Amino acid sequence: MSRIRLYLSNDTSSCAAGTERLVEAWRKRSDVELVRTSSRGAFFLEPMVERESPEGRLAWCRVTADDLPKILAGEGGIPVSAIPFLSMQTRHTFATFGVTEPLSVEAYQAQGGLAGLRAAQAMSPPAIILELKASRLRGRGGAAFPVWKKWDVAATEEADRKYVVANADEGDAGTYCDRMIMEGDPFRLIEGMLICARAIGAGAGYIYCRQEYPAARATVQAAIRAAGEAGWLESGGKPFVIEVVSGAGSYVCGEETALLESLEGRRGVVRARPPHPAQSGLYGKPTIVSNVLTFATVPNILARGGSWHASMGTEGSRGTAVLQLGGRVRQPGLIEVPFGLTLREVLDQFGQGMADGARLKAVQVGGPLGSLFTDAQLDIPICFDAFAKAEAILGHGGIVVFDDETDMLELSRHLMAFVADESCGKCVPCRIGSLRAREILDTIQRGRATAADLSLLTELGDTMKATSLCGLGARAPYPVLSALEHFPMEFHSRLQR
Amino acid sequence: MLALKRYAVKTALPNGLDNLLAHARPSHGDPPNILRILHAVCEVYGYIDPQFIPAIAQSQGVTEADVAGVLSYYPSLYTQPAGRHRIQVCLGESCLANRCDRVVEAIQSALGIPLGQTTPDGRFTLEPVSCVGNCALSPSVRIDGALQGRVRPGDVPRLLDRYR
Ligand SMILES: Cc1cc2nc3c(=O)[nH]c(=O)nc-3n(C[C@H](O)[C@H](O)[C@H](O)COP(=O)(O)O)c2cc1C
Ligand code: FES
Chain W
0 MSRIRLYLSN
10 DTSSCAAGTE
20 RLVEAWRKRS
30 DVELVRTSSR
40 GAFFLEPMVE
50 RESPEGRLAW
60 CRVTADDLPK
70 ILAGEGGIPV
80 SAIPFLSMQT
90 RHTFATFGVT
100 EPLSVEAYQA
110 QGGLAGLRAA
120 QAMSPPAIIL
130 ELKASRLRGR
140 GGAAFPVWKK
150 WDVAATEEAD
160 RKYVVANADE
170 GDAGTYCDRM
180 IMEGDPFRLI
190 EGMLICARAI
200 GAGAGYIYCR
210 QEYPAARATV
220 QAAIRAAGEA
230 GWLESGGKPF
240 VIEVVSGAGS
250 YVCGEETALL
260 ESLEGRRGVV
270 RARPPHPAQS
280 GLYGKPTIVS
290 NVLTFATVPN
300 ILARGGSWHA
310 SMGTEGSRGT
320 AVLQLGGRVR
330 QPGLIEVPFG
340 LTLREVLDQF
350 GQGMADGARL
360 KAVQVGGPLG
370 SLFTDAQLDI
380 PICFDAFAKA
390 EAILGHGGIV
400 VFDDETDMLE
410 LSRHLMAFVA
420 DESCGKCVPC
430 RIGSLRAREI
440 LDTIQRGRAT
450 AADLSLLTEL
460 GDTMKATSLC
470 GLGARAPYPV
480 LSALEHFPME
490 FHSRLQR
Chain S
0 MLALKRYAVK
10 TALPNGLDNL
20 LAHARPSHGD
30 PPNILRILHA
40 VCEVYGYIDP
50 QFIPAIAQSQ
60 GVTEADVAGV
70 LSYYPSLYTQ
80 PAGRHRIQVC
90 LGESCLANRC
100 DRVVEAIQSA
110 LGIPLGQTTP
120 DGRFTLEPVS
130 CVGNCALSPS
140 VRIDGALQGR
150 VRPGDVPRLL
160 DRYR
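Protein chains in written order, with numbering that gives the first Met the number 0: chain W, 0 to 496; chain S, 0 to 163.
A hint or two may mislead.
As the list claims (entries may be wrong) - What follows is a set of in silico ranges between Cβ atoms, one per label pair, in the way DEER data are often shown:
hint	chain 1	residue 1	chain 2	residue 2	range
1	W	Ala81	S	Asp29	52 to 60 Å
2	S	Arg24	W	Asp30	17 to 25 Å
3	S	Asp48	W	Thr457	39 to 47 Å
4	S	Tyr46	W	Ala81	30 to 38 Å
5	W	Pro68	S	Arg101	31 to 39 Å
6	S	Pro25	W	Ser492	42 to 50 Å
7	S	Leu114	W	Thr63	38 to 46 Å
8	S	Asp29	W	Glu157	42 to 50 Å
Note that these hints are calculated values from the structure, not bench results.
Only a predicted model underlies this, so the values are computations on that prediction, with no experimental measurement involved.
Where is the CB? At the ideal position from N, CA and C, for every residue including glycine.
Based on the sequences and whatever the hints tell you, model everything.
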């Protein structure tokens, strides 16, 4: 009897949702073969089980172990292509998610993997950088800096060693696309790093992975071994060694200069810039620090051409936005769409509104340093420029939706306490400012603050914005001050009379 | 002042630490990497006893202050042994939006300890964590590395029972 092949995701979140339980229940059966794939990112449907059919993959959603007879009989499955959350997306970087086994070099190549690297190997380093310039790709880690400019600086520096560093610290709560890439398509990250190495002439690479991602770390390590065995890990005729290094629970270590300090084994304290890492980075050598998603976006650009990438998105934001929807929405999950959709469209079309009966109060975009949006502000297009104009950030694409039970004063205190805890301490505005701001918010909560304290909070915020050394202190006031602006009564009503 | 005076007390190193430190000695010409050695010690022993700082410093050719500085900087370099089971509750924004505070309360009252502490019987350590990348399945709780999503306060007794 031939076994029926079932596909289940091996992603951390899918496992937490229950795929692990299904595998445990079914793995000894002789009538099924269980294949562990990456996740499609439609986490509200997990645990999801798929099977091949003449119409492509069929999916069974929110499956329990008792559903197996139904699945084996082929009853009740829906074509994956008919799941609106997925079919409405424009998947490029995440095109093969849910389809392939993460550590199969054959599957990676069969799905078009390595085409970017092969193209790059046929080009001169300056030509690679020109292709990136034509793509108009901007970094996806938060600062949205043009990728080609950084590479160009590192390429023109004269040095005996250069490094490529993938920023896999993914510190923003509410984001998980880097984790999904490392667990689900690690060769894409490696391919992007190899292309960068060729473009700038680097001899070694590091992946700085947050400690909270043990499965991602293990998968990337296994992928590096597999890539080495397949003979992929070379650049300019020399071996290109990639090492995975673990963080140790510090948020500010996601900031590129603090990350480099941490890679060198020291306290993760921010360095003053200039010089920028592309000029003087790891051990003082030219270093490209880029986000995991940024590296993973590069292979398609080389394979399909910079102009292909530049043809998507908006004027200042080309390509696709990778958004991660969380909080109190009905359908949380990973969304890849061209830049330009409005925040409201994303929440309505993909999120399908709020979870059971909850009402929307505020939306935070861009992690703990991101501004808060009210319902009235949701028509803002998802692109770097519109967000910059609104003094907001897209950051790493995290979108967290809060409902009407949320206490905005408590949320503000929580966010400021986070910054006070995580401040590296190098600059005074951030170190002292965040502490004072948290204290003021504490005082308001205790009913002991006056209107003067509130003005001090605003003043303090303005100072932090203007004078902090890095984005931690400079962005920290935004969520708090936007809460104060949109929900003044929640602050004023608790002042001392 | 007496309290400030340092005595060169040779603390006995636990089994194998000598060996670990010797292996972690930077090879010729390589810069020392304090975080890496501390990770290695933490992995083997579960925590880093501050008493080991002199030995660690010596193995890397750095000062004790260098080691102490790195050790105190990173939250997940533990300086105390944990309970037999480590419970991490996510306090990230997606989990907050999904009422992780109620899950925290449920665990706290089940164990009788606040966040950041270990039960008197040494069974559980309860600690906060900031986002484990499971935000589409908030609230998240991780126990000894096993991640749970969509945790409701009512699930807590059943969850903890598995580790009794
Ligand atoms: C406080 C702080 C935390 C940051 N955390 C991250 C992070 O976790 N991951 C990341 O890729 N970039 C993070 N960044 C941005 C990096 O400094 C840097 O801009 C980025 O890694 C560059 O990569 P990109 O060009 O691909 O965006 C952070 C910045 C700040 C100020
Ligand atoms: S916010 Fe809790 S898992 Fe991300």
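Here is how each hint holds up against the structure:
1. W:Ala81 - S:Asp29: 52 to 60 Å: holds (56 Å)
2. S:Arg24 - W:Asp30: 17 to 25 Å: For Asp30 of chain W against Arg24 of chain S, whose Cβ atoms are near 55 Å apart, the range 17 to 25 Å is violated.
3. S:Asp48 - W:Thr457: 39 to 47 Å: holds (46 Å)
4. S:Tyr46 - W:Ala81: 30 to 38 Å: Since Tyr46 of chain S and Ala81 of chain W have Cβ atoms about 52 Å apart, the given range 30 to 38 Å is violated.
5. W:Pro68 - S:Arg101: 31 to 39 Å: About 37 Å separates the Cβ atoms of Pro68 of chain W and Arg101 of chain S, which means 31 to 39 Å holds.
6. S:Pro25 - W:Ser492: 42 to 50 Å: 59 Å Cβ-Cβ, so the 42 to 50 Å window is violated.
7. S:Leu114 - W:Thr63: 38 to 46 Å: violated (33 Å)
8. S:Asp29 - W:Glu157: 42 to 50 Å: violated (23 Å)
Taken one by one, the earlier hints fail for this structure at numbers 2, 4, 6, 7, 8, listed in ascending order.
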